[in-house]
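Undergrad: The lines below spell out each chain.
2 protein chains.
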Amino acid sequence: MRDLTTGVRLLSEQQRDGDLFSARCPSRDVLKHVTSRWGVLILIALQRGTHRFSELRRKMGGVSEKMLAQTLQWLEADGFVVRHAYPVVPPHVEYTLTPLGVEIAEKVEALADWIEINLPRVEASRSQ
Amino acid sequence: MRDLTTGVRLLSEQQRDGDLFSARCPSRDVLKHVTSRWGVLILIALQRGTHRFSELRRKMGGVSEKMLAQTLQWLEADGFVVRHAYPVVPPHVEYTLTPLGVEIAEKVEALADWIEINLPRVEASRSQ
Chain A
33 MRDLTTGVRL
43 LSEQQRDGDL
53 FSARCPSRDV
63 LKHVTSRWGV
73 LILIALQRGT
83 HRFSELRRKM
93 GGVSEKMLAQ
103 TLQWLEADGF
113 VVRHAYPVVP
123 PHVEYTLTPL
133 GVEIAEKVEA
143 LADWIEINLP
153 RVEASRSQ
Chain F
33 MRDLTTGVRL
43 LSEQQRDGDL
53 FSARCPSRDV
63 LKHVTSRWGV
73 LILIALQRGT
83 HRFSELRRKM
93 GGVSEKMLAQ
103 TLQWLEADGF
113 VVRHAYPVVP
123 PHVEYTLTPL
133 GVEIAEKVEA
143 LADWIEINLP
153 RVEASRSQ
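Chains as they are written, first to last, in the numbering used here: chain A, 33 to 160; chain F, 33 to 160.
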């Protein structure tokens, strides 16, 4: 059973470590979904607005249809993404961030931005 | 060849997408390392201070020796972690964040904190 105090902002180090560092911690699944290779890119893409499945696929170099669909299902189940299927032929399916999704996308994008901006410093480390 | 302007803070959307969304983008490797299951936890653990290999392993529920060593090697090559091996018997190896590592660890931790704090909202979405 989850300790209710973990919802409080000021987590003690012991609470934090006891949580995220535990193999059974439910935070790990969410972390896995949003930081997966395609999860990060989906969240950033959807921050720019609603996308169709085919648009997302085109935007992400190298993603397979299966992996894109799987990652979207994770994000939908976690409440970060809403899927809207229009009853038309051919099928028209759109994906949009929820308010919860907008919040986490900001954190994910802050990390991605840092990496892009500091990549020259990382590459300098590698060449040493 | 990498576009030099991507090092500038104000990236246009086109530059960003052309970068991170490209399969050949070098940012992707860094993103993969720091958001890997163990990469996240190592960065957060080392934010609390220097750790020995055995201490890190104990702290992370479920990590194998091989995966921990592999992830530490990635983070060391990227310039986020410094490895110090003392010439003693038995071997004594310590890991510490570099200044670059401290910066990225802050972004990674902000994301992890968000997830821990908002987990009840995510779990409420799942149960719907």
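Keep in mind that the hints are not guaranteed to be accurate.
No distinction is drawn between identical chains; accordingly, a pair holds when it is met within one copy or between any pair of copies.
Claimed, not checked - Lysine to aspartate or glutamate pairs mimicking EDC-like chemistry, simulated, CA-CA at most 20 Å apart:
no.	residue 1	residue 2
1	K98	E135
2	K91	E126
3	K91	E148
4	K98	E155
5	K98	E108
6	K139	E155
7	K98	E87
8	K98	E138
9	K139	E126
10	K98	E126
11	K139	E97
Honestly, the hints are just simulated from the structure, not real lab data.
Undergrad: Work down the list of hints and note, for each, if the structure agrees.
TA: Here is how each hint holds up against the structure:
1. Neither within a single protomer nor between protomers do K98 and E135 lie at most 20 Å apart by alpha-carbon distance, with minima of 26 Å and 35 Å respectively.
2. Within a single copy, K91 and E126 get their C-alpha atoms as close as 14 Å, which meets the 20 Å cut-off; across copies the closest is 41 Å, which misses it.
3. With identical chains, the CA atoms of K91 and E148 are at most 20 Å apart within one copy only, with a shortest distance of 18 Å there and 30 Å across copies.
4. When the C-alpha separation of K98 and E155 is checked against a cutoff of 20 Å, the pair qualifies neither within a copy, at 32 Å, nor between copies, at 25 Å.
5. Taking the shortest alpha-carbon separations for K98 and E108, only the intra-copy value of 15 Å comes in at or below 20 Å, while the best inter-copy value is 33 Å.
6. Taking CA atoms no more than 20 Å apart as the test, K139 paired with E155 passes between copies only; the shortest distance there is 19 Å, against 23 Å inside one copy.
7. For the homomeric pair K98 and E87, the shortest alpha-carbon distance inside one copy (15 Å) is at most 20 Å, but the shortest distance between copies (39 Å) is not.
8. Proximity of K98 and E138 under a CA criterion of 20 Å is satisfied in neither setting, with 26 Å inside one chain copy and 33 Å between copies.
9. Taking CA atoms no more than 20 Å apart as the test, K139 paired with E126 passes in neither setting, with 23 Å inside one copy and 30 Å between copies.
10. Taking the closest pair of Cα atoms, K98 and E126 come within 20 Å of each other only inside a single copy of the chain (16 Å); across copies the shortest separation is 41 Å, beyond that limit.
11. Within a single copy, K139 and E97 get their C-alpha atoms no closer than 26 Å, and across copies no closer than 30 Å, so neither meets the 20 Å cut-off.
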